[in-house]
Every structure is written in C-alpha cells, then in structure tokens.
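Novice: Each chain, letter by letter, is given below.
Protein chains: 2
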Amino acid sequence: QMPRGNLETVNHRALLLAQLRKWLDSLKFREAFECMRKLRINLNLIYDHNPKVFLENIETFITQMNSIDHINLFLTELKEEDTTCSMYPRPEGSPIQLQPVSGQKKVDVVCDALRSTMETMDPNKFCLSILTAHVKKTEPELEVALQKVHELRENPREAPGAVSAEEALKFLLFLVNVNDLYEHSLGTYDFDLVLMVAEKSQKDPKEYLPFLNMLKSLEPNYQRFTIDKHLKRYRKALLHLSKCGPEHFPEALRLVREQKLYSEALRLFAANDAQYKALSCAYAEHLVEQQQAEQAGLLLWRCGEFVGALQAFAGSSSWRNAICVAQQIPLPPDQLALLARDLAEKLTEQRRYSEAALLLDQYAKDCEEAILALITGAVWEEALRLIYMHDRQDITETNLKPALFDAVSSHTVFLEAQVATFARHRARLAVVREQKEKARLDMLDEDGPDCPDAELYSEASSVMTGSKYSHSNSRISSRSSKNRRKAERKKLSLKEGSPMEERALMYALGEIVTTVDKMREEVHNLLKALVLFQLDRQAEKLQQTFEEALQTTEAALPEVWPDGIQNNNAPLTGPNSTANSITASFQQQQQKPAASQQDVEVMAPPRMRSGVKWKLTILK
Amino acid sequence: QMPRGNLETVNHRALLLAQLRKWLDSLKFREAFECMRKLRINLNLIYDHNPKVFLENIETFITQMNSIDHINLFLTELKEEDTTCSMYPRPEGSPIQLQPVSGQKKVDVVCDALRSTMETMDPNKFCLSILTAHVKKTEPELEVALQKVHELRENPREAPGAVSAEEALKFLLFLVNVNDLYEHSLGTYDFDLVLMVAEKSQKDPKEYLPFLNMLKSLEPNYQRFTIDKHLKRYRKALLHLSKCGPEHFPEALRLVREQKLYSEALRLFAANDAQYKALSCAYAEHLVEQQQAEQAGLLLWRCGEFVGALQAFAGSSSWRNAICVAQQIPLPPDQLALLARDLAEKLTEQRRYSEAALLLDQYAKDCEEAILALITGAVWEEALRLIYMHDRQDITETNLKPALFDAVSSHTVFLEAQVATFARHRARLAVVREQKEKARLDMLDEDGPDCPDAELYSEASSVMTGSKYSHSNSRISSRSSKNRRKAERKKLSLKEGSPMEERALMYALGEIVTTVDKMREEVHNLLKALVLFQLDRQAEKLQQTFEEALQTTEAALPEVWPDGIQNNNAPLTGPNSTANSITASFQQQQQKPAASQQDVEVMAPPRMRSGVKWKLTILK
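Chains as they are written, first to last, in my numbering: chain U, 1 to 620; chain E, 1 to 620.
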C-alpha cells in the first residue's frame, strides 16, 4: 500500500511521474497501475512509457493485474494519443523511445497483443477482457465477439470462474449500443445469435420476430442477400445475390445500378455469360453519363456489342477504336467513309489535324480534303508527303504556298505582340516591387531599431505581400483543384494597384515565356517549309523575330524570378534591422504554410527548353 | 587665374571637387577645364558630372574652350568609365544623374555630339577636332576622316584659319598608326587618297607603287574585289567578285568555300542561275559535314538536285522529305519500297515506331512488318487499326496479346524497382541532411555565442554545402553548356560521404520522379489495351503499382525539395545564434553567385503532370 496521505500532500507531479517511471522500468505494473488509478494519471502511460518493453512483458502485466476489471479498465482507457508527448512529457535527456513502426494503430496493437496473450493464458478466465479487446479496436470486431458469445452458449464452459453466455452478452451490451449489436448479430447470418441478442435487448418481439421468420423462410443465398441489403452492405449483398441464379439477375442488375457496383458485378460473372454482357451494357451507359465514353466503348467492344461500342468510341473521338469496330461489324464502304468524315470533322475541331487527315485520306479516300486539313494545321511536311503520294502538286501552288505566307506573317505579328506585352509587364513589375520594398523599409524605419516586437511588422508586411490572400484561399480547398486554380487566377488581377498585382504580373510573364518557348517546333517546321519554297527572306525575318523573342524572355528570367522562388520574402536586413527583426522575418518565412502547388506554379520560373534546336543555320 | 599655390598646399580633394562641381553646374567649363588640366583631374568628369546638362550645352562648352588643342585634349582623354563611380564619387545625398539610356557608348555619344556641333559652328575652324572626333570613336571612322582630307585636297578652303589637306593628313598620322591609315585608304578604292597617304607615310614607293599600278590596271569590280581580299574584307570581296561575270565564278566559289560565305553567296545570285545551283551544292556539302544534312537536302531539293537531296534526307532520317523527293524523281516502285524499308529500319533504331510503320505499310506495302513495328513500340491502338485495316486478326493472337503480357509484367517490375530505389535514396538523403545540420550546429557551438567573426563559420559551412565546388565550376564556363552539365553530373557521386552526395541524391530522386511521371500516357494506353482483351486482373495490378509509384514520389516532393530551392541555406537561427551569425548566414546567401541554370535544374522540384489523366475508372 502506498503511504497515501503523504503523496497527496506533496503532490509534486514530477516526483510522482518519476516514481511511476521507475516502477514501469522495473516492470512493477501493479504498483504503477494502482497509483495511477488513484491519482487519475492516464493509464495509457503504462504503454507509452516504453512500448517495446510493454509488448515484451504482456504476460507479466496480465499476471500482476490479476483482475478482469483492471484489464478492462486499461483497455477502455486506451487512446491513440501518445501521453509522453502530450500530458506527461519525458524528462529532458531521457532516451527517446522509438515507436514500433508497424503501420498499425497503437490501440489495435495493444488490444491484439493483450487478447492473444490472454487467449493463450486462459481463455475462460479472461473471457470478458478478451471480448473487451475485440470491441475496443478502432474497427470494433463485434461479430467476432458475438461469435464467441454464441460459442459459449453452444458449449458452456465447465471450468471454475468461466463465464456463461448470458453474462458475456450482458457484458457486451454494457460496452456496445444494443442496436449496433443487433445489427451485427444479423450480419453473422446466425439466427440463434440474433435471437439471443434480441431477447437481451429491450426490443419488441412483435417487431423483430416477423422479420426473422421471413428471413428464415428464404433460400440461404437470397437470405444472406436480404440481410446484407438490410445492413446496407451492398457489396456482400451483390455477392450473395449473384449466387441465386439467373431468375434473380434483374434484381442484381437493379442493385448494381442503384449502388454503382459495376466493376464488382463484372467480377462475379464469367465473361461469356449473357449476364456479363447485360452488366457491361449497363456499366457502359453509366460511363457515358460520366463522360467516360471511351472506356464504355472498350467494355462494349469486348463483349461483342459492336454498334454500341462504335457509338461510344465515336462520341469520345477515340477514332482508331471506332474505325476498328466499324471494320469488324463490318460497315459497308460508303458508311465507313461517312464515319471517317464525321470523325475527321470532330478531330479538326480539336485541332488534331494529322489524325483528321489520316481518316480523310485512308478511310474517306479524299486526299484533297486530307491535304487541306494538314495545311490548315500547319503540318507542312506531312501535307507535302500526301501531295507527292497522290501526285497533287497543283495544291502546292493553290493552297500550300499561300498558307505559308499567311503563317509567316501571323507568327511574326503574334511574336511581336507577345514581346511588347512582355516588356510592358516587366517594366510595371519593377515599379511594383520598388514600391513594395519602399513601403516595407518605411515601416521598419518608423519605429527605428531596438523595437522589441518586430514580429508585428513582418506580419504587417506579409499582408502587403499577399499572404493574407493565400490564407483565405486555403479555406476553399474543398473545391476541386481545377476550380481552385481558376479562383486563384481570378484573384490575380493585372489592374494597377490590385493587391495581387505582383503575382499577376509574374503569372502573365510566365505565360508569355511558356507560349513563346512552346513555338520552337512550330517555327522550326515553318522555317524549313519556307526555305524549301525559296522564301528565304520571310524565313530570315521570322527566325530573327523568334530569336529576339526567346532572348528577351530568357534574359528577363533572373529579374522576374529572382534567385529561386520567394522573392517577396527577402530577409529584413539592413542598417536599421535588429537581431529581433531579422529573426522575426525568418520565423515568418518558416511559419508560412508550405507553398501550395499553384503557388509554386506561379512563383517558379518557367523552364525554357533550350535543348530544342529550332534555328536553321542556312538563315542569317 | 586660380590662386594656385594656395590650392596646392591645402590640396583637399573634397574641396577641389566641390569647386569643380560648382563650376560645372554653373556651366563655367573653361574654369573647370583649366583647373582640372593643371591638377590632373580626369577630364571625363566634365561629361560624367551631369551628362544631360553637358549634352545640352555643347556649344557653350566649345565656345568657352575656344581652342582646337583643348577640344582635342578633351576628346582624346574620353574613356568609357564613369569617373563619378570610380575616381570621384558623388558626395552623399546628391541627386543621382541618370545616364541617358540610348544603348550607345558614352565615348561615341560625346564624339558624335561634339562633331556635329562643330560642323554646324565652323567646319573649317574646327577641322582637326572634327577629324579627332571621327578617329576617337570606339570603332574609328578612319575612312570618313580620310575622305574629308581628300576633299580638302580637291577643294582647298579659302577661309581664314582653314587647314590644308597636308596639315590634316599630318594630324591624322599623328593620331593613327600609319599602316592602319594606309590600309583604310585602300578601302576607299580612291587611288589619289592612297597615294597621298602613302607619300606621307615613310613607306617605300618601290613597295607600294607596283601594287597600286597592278590594281589600277584591273576592271573596276575585280579591282575592288582584289583590294577587299587584300584587306580581308571577304564579304565585300565576294560582292564585287560576283559582279565580274561568269568567267570569275570558279574564283568566287573558291572564296565562298574558303571563307564559308555560303548564305551570303546565295543572296548574290538569282535562284534559277547555274551558279546558284553550284553554290547550293557546295553549301550542301558543307552542311552535311556539319551534321546539318536535312538543311542540305532542302537546298538541293529546291534547286533541282534530287538525287543529292534524297541522300541528304535519308542520311538525316528526314523520311517524309526523302519519300517526296523519291516520288518526284520518280523512283521505280521496287526501289521506293527498298528506300522505305531502309528508312524504317533507321527510324526503328531511333524508337520512332509509328513513323517506321507508316513507311512499311504505305510505301514498302508490308503491313505485317508495319504491325510488328507498332507492337514492338507499344503503339497498341495503331497496331490494332492496321490489324483491322488489313484484316490480319491472326496477329492479335500470335503477337499482340503476348506483347501485352510482356509489357504489363516489365512495367510492373520496372516501377517496383524505381520505387525501391527512390525509398533508398530518400532515406539516405535524410541521413545526409541530418549529419550536415549537426556538423554545422557543432561548429557554431564550439565558440559559443557573441563570437564576432561568425562570417568564418558561414564560409566554412559553405564548403560543406558544396558551394566551393560550384565556384570551381565557374572557371570552366567557357566549355559548352552541355559539357559543363556533364562535368557537373560526374561530380554528383552517389557514393556515401562524397562531398556532393546530397545534391547527387536529389538529382537521382528527381530523375526517378520524372521517369515515373513520364509513363502516364504509356500506362494509360497499355491499360486500355489490357481491358480490351479482358486482361482486367493484370490491368488492375499495373494500375495499382503505378498509382503507388506516383503517390510515393509525389508525397516525397516537399521533403526532398523543401520549401523552394535553397535547402542547404537554412538560416542559422537557434538558441545559440547571434545577430551576427544570423546576418552572416544571410550575407552568405546573398553573396552567393546567382544559381546557374544547371543548379536550378538539380535543385528545383520536378514538376509532376497531375493534369494528365491516366487512370481507368473501370479498374479498381
């Protein structure tokens, strides 16, 4: 017995914890437990103090407790929290206890460890604690617990101290809500168990007996299906229903549609079943509604539903598959040509000119349209290939050359406009940054050095730099990231003086850099076509304009995105800064929530693909 | 007159400069000039003190100088350097003088401004100063100066104080090296001028007269060509030679080859000339040597050299052009098929399977080979398209399906290996960083706080963080950037304890992220093919493996590339840091040379293309 009054008067928590640690280190669980219970120390500490030692000495623990009630008390008090981190921090300098990294949760680890030890030691004696261990897991194992109760009823234990099924059930009802227990008993499909629980609960037999009797009258698989459905365990329900024979298939199909259990359902039937095909069609319908027509097409095609598959593929511009299915049907040549034209039209709308041309050439047999599509899409070499393949050099003069002239002039105009906008934004950015820097230095100056709460300034300056806005953004993170990004961009107003103007300018500049950089291939191909048709002068002009655009943008990168990313977090050093102000400016940087993805996208310098060689050496 | 002795004894530079500034501000150029000359103050200050005011008052300046010698002295002392930044810094608080931003050099601006003013005021009186202004430009305008001398000789000035051609030439010879002047006089093609200079120089007439006489005997264009060639002005030489008629073309071609003046030469001849064709062939030969066979092909094709063009295109895998030229020749069908096979083989080596298949299918008329190429290249949908187009479903069973099985298993193995390597590198990176942090804190601790030269530590720590290596890199910046990058990577040894290990690990981790991210499209296409052939189980496994790989790598990004870029420049704050040490660590950051491009590439987190949807919803 502890010298009770004594400890209570001193009541020095540090002393108390030191004593507890000593007991736990020497495996005196009993003493520790008694003391903790009396002084209301959280029992989790028994485990948290040294998880490894505890798990290695569970039998000792159980033997020392020597009481179902105490073990149950310990089990029910278990929480995920590590008390040595929260309530009872370790004294400084003590070795850090590594958590056994198993990926499992602490509560589950302790419950499972205690239960299995008790089961080895004496399953009868520890029966109620074993039930507690099942019930207290983060995902309560109610059905296992119920099963054990049921076993007790079937085979009552003779051993001294053994618990009866009655007692065990009562105990469970004390731990768990009665309705939960009833539902879970149903889930075992064991009517004896259900009745047992129902009787113990204060449920009205008039309520549950008719239902149970109805269930009993059903064919076993259908019975299980009905129970599963009642318990909203739809996957299990579907599994059982699928075993009930084809006459129940319509019901299964309904269930699949209602609960969107399409992939699960497909796995339950053989691929050559009629039912498999029906499910595939239902799934395909659903997928089309979900804008997944291509996947719908694949499902339909593989189960032989060619017409449906063709529709689905055509609807999703999955033109290769559409054409394959059409040829498998097989569609007569004129209809195939029509299909090819339809598909080509859609692809043209999506600016997929090469693919459109292939369809027009090979399936609609219309090489002229194909060549024109390629010319529209600026796919010069491929256009030439078809021109020579079909011996249609006339199109070179009538369409290809004029298109080259158009392309070179529109590219030049476009590039010049981009460069002009770039210069404007860049100049404005310099002004905005200078103003911001000035505003911040003014703030620091006002109160002069040795100002003890410099944190205030850094916070104030963070408002200026827009981090307040990014905070408010985090509130709407539940929206889809696409929407969020859109919202983000809306905030990025280029209007002079807008709070996010700097960021808006950087974003706009980045867009220009990316746009210009993306044109390398296009310009390269255009230059080659121009040279081929002896349009060297135009080619030279374009090459120069593009070169200048690339150089202008590339040269500005270090200025617009200075040294890494956080341009507006330049440290507050300077003649008037103090250790405090410097440190504060750092803490601000460090406390800032990790930059979100779209922040990084705006703030990181765009990468230019200087590896993509586009220039022609034959042009000066 | 200045109270000379007085100033010399006091000789207080600040006082002197203050006085000079006062004079210059009140446009007393004469006083300023005299004083500066006597006390050896750099005359550039007259302009540098306030460029705008000087340029607006040039006439006043010239009038006050009132001496050719003084003006010449000022002109000859002009240097690009801004003396108010170097020798005579402005007093603090004085308004900063904005340099007139014209893109022109200061020396040229001043020379041109003085010259044009003098030409308006009195070209005769200021003749020698005008010549000085021509000669002192950063690109001396010797020919213009010579031309002016020649004019004086033709039309001697009657005005009082006017200079004779003799005097002017003497003056020029005093300013410029005689040989330079002689060469430049030749460049005017004006033999009178040449003789005038030659006579004034101490050159031996036996030396130059035969040469001049020979030149005089030549046809004018050929004469100019000979002079240009003598002066190594090859472009001009070519221009004049091109006007000498076809009998001189071989000589022109030789010149073009020797001096690589191909593009210039092409511009001098009409596109339908025989000479244009010859030049094109020569240029093409050169381009092929320079690994620019495709451009060579374009030049040959457009001037009708089809066979040469075909070779050039075939050599550069420019297969579309090659085929077009072949059909223009036209090659007989069997040879065309052979060409297509050759091209396809090369493309296959370059993993350009789709293009190889097109050649095999459409030009070699071998659909089986085409389909096999597509299967090898994992271009599943296109393979299927050809299978259906040519009604060769047998290949589906014999080749396509086995290839799908291979692909899914090799992808899975590959992804698992990447993930394993990633985990290993990531764990090691954590260790390396911890060690580095510990080493740095230890260093700070050793001397404790209040250590006045904390800069030493930050420098020492910069050695640890590898910036010493990046310094040594800057020395080899003359190498091509590709070589530099290679060298950089070689330094990045993954060996444990290597000085750049952290960087090497980050680089390796980045490579894995990029590799995995790049597989999105490939995996997506493979998944669709697997589903089509009812290989759902394999597809699900692959989808899971890939999903895990993406998640593992994406989740590690913030840890591997923490908050922006400069992970190893975390500020030195902590219980033992001082204002000095914090500031020092900053200065280190700021003084670091701007991160070079390849640094950024290693240090910036790779971007994952989360916008590329690859997952199939029909797979769980």
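Hints were generated in silico from the structure; no laboratory data involved.
Check the hints yourself; a few may be wrong.
Identical chains blur together in the list; that is why a pair holds if it fits in one copy or across any two.
Derived EDC-like pairs: lysine to aspartate or glutamate, alpha-carbon spacing no greater than 20 Å straight-line [unchecked claim]: (1) Lys401 <-> Glu158; (2) Lys365 <-> Asp391; (3) Lys438 <-> Glu92; (4) Lys236 <-> Asp69; (5) Lys346 <-> Glu381.
If you're wondering where the values come from, they're calculated on a predicted model, not measured in any experiment.
Novice: Hints numbered earlier in the text: which of these fail when held up against the supplied structure?
Specialist: 1 and 4
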